[in-house]
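Fit chain B to the known structure of chain A by using the hints.
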Amino acid sequence: MNLDFSPQDIAFRQDVRAFVAETYPAELREKQESGVELGKEDFLSWHRILARKGWVAPAWPKEYGGPGWTPIQRFIFSEELAAAGTVPVLPFGIAMVAPVIQAFGTPDQKERFLPPILSGDAWWCQGYSEPGAGSDLASLSTRAKLDGEHYVVNGQKTWTTLAQHADWGFFLVRTDPAAKKQAGISFLLIDMKSPGVTVRPIITLDGAHEVNEVWLEDVRVPVENRVFEENEGWTCAKYLLAHERTGIAGVARSKLRLDKLRRAVEAANGANGGLAADPFFRRKMTELEIDLLALEFTELRTLARQGAGKGPGPESSLLKIKGTECQQRASELVLEAAGEYGAPHFAGAALPLQNAMPVGPQSARGAADTYFNMRKASIYGGSNEIQRNIIAKAILGL
Amino acid sequence: MDFTLNDEQRQLRDTLARFLAARYGFDARQKILRSEEGWSPAVWKALAEELGILGAALPEEVGGFGGGPVDTMLIMEELGRALLVEPYLETVVIGAGLLRHSGGEAAAERLGAIIDGTMITAFAWSEPDSRFDPALCATTATRDSDGWRLEGRKAVVVAAPCATHLIVTARTAGDPGSREGLSLFLVERGVAGLSTTDYTTVDGRRAAEVTLESVRVGAEALLGEAGQALPIVERVLDEARAALCAEALGVLSELQRRTLDFVKERKQFGIAIGQFQVLQHRLVDMFMEVEQARSMTMMATLKLGEAERERSRAVSAAKAYVGKACRFVGQNAVQTHGGIGLTDELALSHYFKRATMIESQLGSVDYHLARYEALTAA
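Protein sequences, first through last, are from chains A and B. Residues 1 to 398 in the working numbering are what the first sequence spells out, letter by letter. Residues 1 to 378 in the working numbering are what the second sequence spells out, letter by letter.
So that you can see chain B by itself, here it is in the shape it has in the complex:
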């Protein structure tokens, strides 16, 4: 058993942390959020070219550095600490994951485009009625001469407004809920019949409602085998959930650290409020939740390579735990700060908002508790 980082991993983390501290401070981030695009192509280019980080966890044969889930974990924690809004999770963890695990002739070239920063993907899997379950997909794909025709609606597709491509789940067979018949399609953003309603999310990301009306794509758009995508989707979502837990660690660590600094500085009744035992205990509880969340994130990350049931149980356990920690640490950070913790001006409230969104992103606490129970009983 070994929870230490090797030299390359430490270097990766430190380089990224330095880059973000220099280029992605709170003011720089707020400026990006308020821009028309809502994300920074320049930052993305720098992540790809200056840091080469978009390929850090991808295999060397497609141009990556050959890292793995631990590298993704380190990167995501730093991105969480900086509240980065650019679509690393959506493109590098999810998009590249789906392309890689689906295989096929075009995969290497497409992965190369992700690594060099020219392809940005958003994953269109959730639907208005699917409530976190990727199998509850009602969007359909039917054969259309030598290609496919897609019909359906996708909900809250994060990063769709800045993506070059959407990866869409659609049924080539079966009814919503069926484990068979799900397929994956790589769809260019500008294709006829695909329309989006773009908006900002409460934590400053860009997302869209996506409508597919007789969207025609070629045979090469199908990723992997028709009807066999659900296990790949579940696998990649598990990888993304573990990465999201790591992002949460960055967010929660910042909430905890900033609150600790605050109670040492803020004076009321003639003393620093950190002298009050009731607040000391609260800070201790926050600290313990962050530590436990870290343990769960490492556990889940290191089990991503296990067989499906073991992997999914570990990930759901971690996501449920981290989701609860997000609420506990977020609420207590704000409460301890008092009114100032609720202002837009202070970074703290932005960490709180991101933590709140992570609670339910890629499955709420309740969803993962139920999934864990079902997998345990199975």
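Next up, chain A with everything else stripped away, as it sits in the complex:
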């Protein structure tokens, strides 16, 4: 037992760090720091740089264009990117639908769909949740009826992240309404430009347009766009949920946020020494730092097991719960540190006078919006209540 990374891993980390420092677009960093909402091209510019290097899909097998890294290398990679504060590579194509296509798709589907995911030419979104099917996902009611060589799809999906930019979506639909819950579901790939697909924005409490409703009205989907067998889509859905959980805890991003906060607190010299002189606030930062350390080593233990050939199991639920709690805690502390300057609204455009001119210290800008936005973390991807149910059932045997 030892805590050392291998010399190869250390060298790998240096390579990644140097690459990011060299190639990360300065204008993208400026945009991030100014707090402006990022657009499609912003996400894609970094995606394409990584794709050219062959690093955009760390978990893909080599035969599909992955780099062939070990789980530890993948962890180091995602940690370095997070620590550098890069925009994330969006997971919907690379980390979600692609592994399903690789595991269950036909040779034709692999050839058609995987290269544009890798290059960034196709933007994907996820059609899972419905107004009536959230935590109870398997109760979904979007209906797909076979009509010759097509499925005719009707229904409504919701919380579809960044669907406004999407070229394609992967959808869970009900193909056998008579079957019980999970049994009658199929996994369909739908061209978002198909007639009958309508994307409507959902504005969230921070004024952002990140999620959408997707309405499907007599949408004709070729049968060849179904992945795996009819009525066996739940197998794909489960596979997707269990796959690629590296970085789910978001330790590096939380650490970065905490480091930034610490620097801002040290730099701000209020009239009576400011927050830096407040031992109570310093202790709160320290507590979070230690929580993150615990999470980091739990994640490393999980990765080491994966390296030994065991797939990520229900313990990824632990990483999700604890990770999102740390992310939320970090956002609470940033907002607390902002003091009165947590109040001015900065980002977004839901109300007049916004963005007129930023006020207050840089570290306070957008603090409340981030705090509000981060409440989603304990809700999405299987709420933390559902994750606790998984641990209770699958690990504790309750």
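Misleading hints may appear alongside valid ones.
Derived DSBU-like pairs: lysine-lysine, alpha-carbon spacing no greater than 30 Å straight-line [to be verified]: (1) B:Lys267 - A:Lys181; (2) A:Lys284 - B:Lys264; (3) A:Lys53 - A:Lys40; (4) B:Lys267 - A:Lys180; (5) B:Lys31 - A:Lys322; (6) A:Lys40 - A:Lys238; (7) A:Lys193 - A:Lys260; (8) A:Lys393 - B:Lys267; (9) B:Lys267 - A:Lys322; (10) A:Lys181 - A:Lys260; (11) B:Lys324 - B:Lys303; (12) A:Lys180 - A:Lys260; (13) A:Lys40 - A:Lys193; (14) A:Lys145 - A:Lys180; (15) A:Lys393 - A:Lys181; (16) B:Lys45 - B:Lys31; (17) A:Lys110 - A:Lys53; (18) A:Lys62 - A:Lys31; (19) A:Lys193 - A:Lys238; (20) A:Lys260 - A:Lys322; (21) A:Lys322 - A:Lys238; (22) A:Lys284 - A:Lys260; (23) A:Lys145 - A:Lys40; (24) B:Lys264 - A:Lys181; (25) B:Lys267 - A:Lys145; (26) B:Lys264 - B:Lys324; (27) B:Lys267 - A:Lys238; (28) A:Lys393 - B:Lys264; (29) B:Lys324 - A:Lys260; (30) A:Lys181 - A:Lys145; (31) A:Lys40 - A:Lys260; (32) A:Lys238 - A:Lys284; (33) A:Lys322 - B:Lys264; (34) B:Lys264 - A:Lys180; (35) A:Lys260 - A:Lys110; (36) A:Lys260 - A:Lys62; (37) A:Lys393 - A:Lys238; (38) A:Lys31 - A:Lys110.
These are computed hints drawn from the structure, not numbers from a lab. This one's a predicted model, so the numbers in the text were calculated from it and none came from an experiment.
Just chain B now, with coordinates in the frame of chain A:
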């Protein structure tokens, strides 16, 4: 000991609640927020004239109804329930409080103008580096022939964009942090040298950064005695904090009630999610926090008339407790709703945002815990 309301108080509360239900529903409020001004002069006029509520807690000799802190508490709770953005706290609780406690010949006339709705005030006390402490004031006022000249910067002055007047704290003596030398000035919004950067706050209010550059005001602008304002400021801020706790009660009650309704209606796994014990316990915890917050708010409200130390300890205890309850109830209301709780379309998220802002308004939880400790040790 008696925690019941008298008939006049009940009537006041019910009349206001009916008015707000009819005129200040969620859609009406959202329309006001999106308007250029961001507040409704018509609603303000109605509060002044139809309801006469701007004078409810002020003495009869200046045209008020002679009510007291309990009346303010009742009013603020209803305003919280309606998420009212008009500057009742800033003008009627704080502005009128400062004018009243400072005294002077002009006070009666000015209070009359507040009661009839023609004078709207914002309190410019916090500064970029003051972090909740009114004594950490660096803005200065120096004698200038028979008046004063003000210099300084004020931060996050809520309601400044809609105010006719700002009440500004400035030092006529002493350094920032000193308990002596603080003075209060009533400054007209349009006076030369006063400039503002107006903006919207995350919970839909309007506020401003205020810069005072050689702002010249007359002798009559000074409220009370020069250099003696800190005890008055602390007193009025305590009154405002108690009122803010009452506003929080309205907000938290709504968060709790709406979440309770939601878990009864929302079905997953074939049953109402309120059938799950883990959510039942969460709802119970939210209920208990609202009850405790109510107890603390009443306690602090009824102690506003006590001597300074006792009053401030009670208020800081209440504000610290209510601040924590705001976070707990707000976060759990959203979490229990799931994604829908985070949408702009649902009123719930607006209650959550207001609750979050109340956490740190007029002093964060940490600030009031520290203040309580210091007062207890003193």
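Within a Cα-Cα threshold of 30 Å, do B:Lys264 and A:Lys181 meet the stated pairing?
With a Cα-Cα distance of about 23 Å, the restraint between B:Lys264 and A:Lys181 holds, given a limit of 30 Å.
Can you confirm whether the C-alpha distance between B:Lys45 and B:Lys31 stays at or below 30 Å?
17 Å, holds
Are A:Lys181 and A:Lys145 close enough, with their CA atoms no more than 30 Å apart?
With a Cα-Cα distance of about 16 Å, the restraint between A:Lys181 and A:Lys145 holds, given a limit of 30 Å.
Given hint B:Lys303 paired with B:Lys324 - CA-CA distance at most 30 Å:
Holds: B:Lys324 and B:Lys303 sit about 21 Å apart, inside 30 Å.
Does A:Lys40 pair with A:Lys238 here, judged by a C-alpha cut-off of 30 Å?
Judged against 30 Å, a Cα distance of about 29 Å means the pair holds.
Does the structure keep A:Lys393 and B:Lys264 at a Cα separation of 30 Å or less?
26 Å, holds
Pairwise hint evaluation, A:Lys40 against A:Lys53, where the allowed Cα distance is 30 Å at most
20 Å, holds
When you check the alpha-carbon spacing of A:Lys181 and A:Lys260, does it fall within 30 Å?
46 Å, violated
Check whether the Cα positions of B:Lys31 and A:Lys322 lie no farther apart than 30 Å.
Not satisfied, since the Cα-Cα distance of roughly 40 Å exceeds 30 Å.
Could you grab the alpha-carbon distance between A:Lys145 and A:Lys40 and see if it respects the 30 Å cut-off?
Violated: A:Lys145 and A:Lys40 sit about 33 Å apart, past 30 Å.
Starting from B:Lys267, check that the Cα of A:Lys181 is at most 30 Å away, please.
Given pair B:Lys267, A:Lys181 holds - Cα atoms ~15 Å apart, limit 30 Å.
Does B:Lys267 pair with A:Lys180 here, judged by a C-alpha cut-off of 30 Å?
17 Å, holds
The structure fails to meet hints 2, 5, 7, 10, 12, 18, 23, 32, 35, 36 and 38 from the earlier list, while all remaining hints are met.
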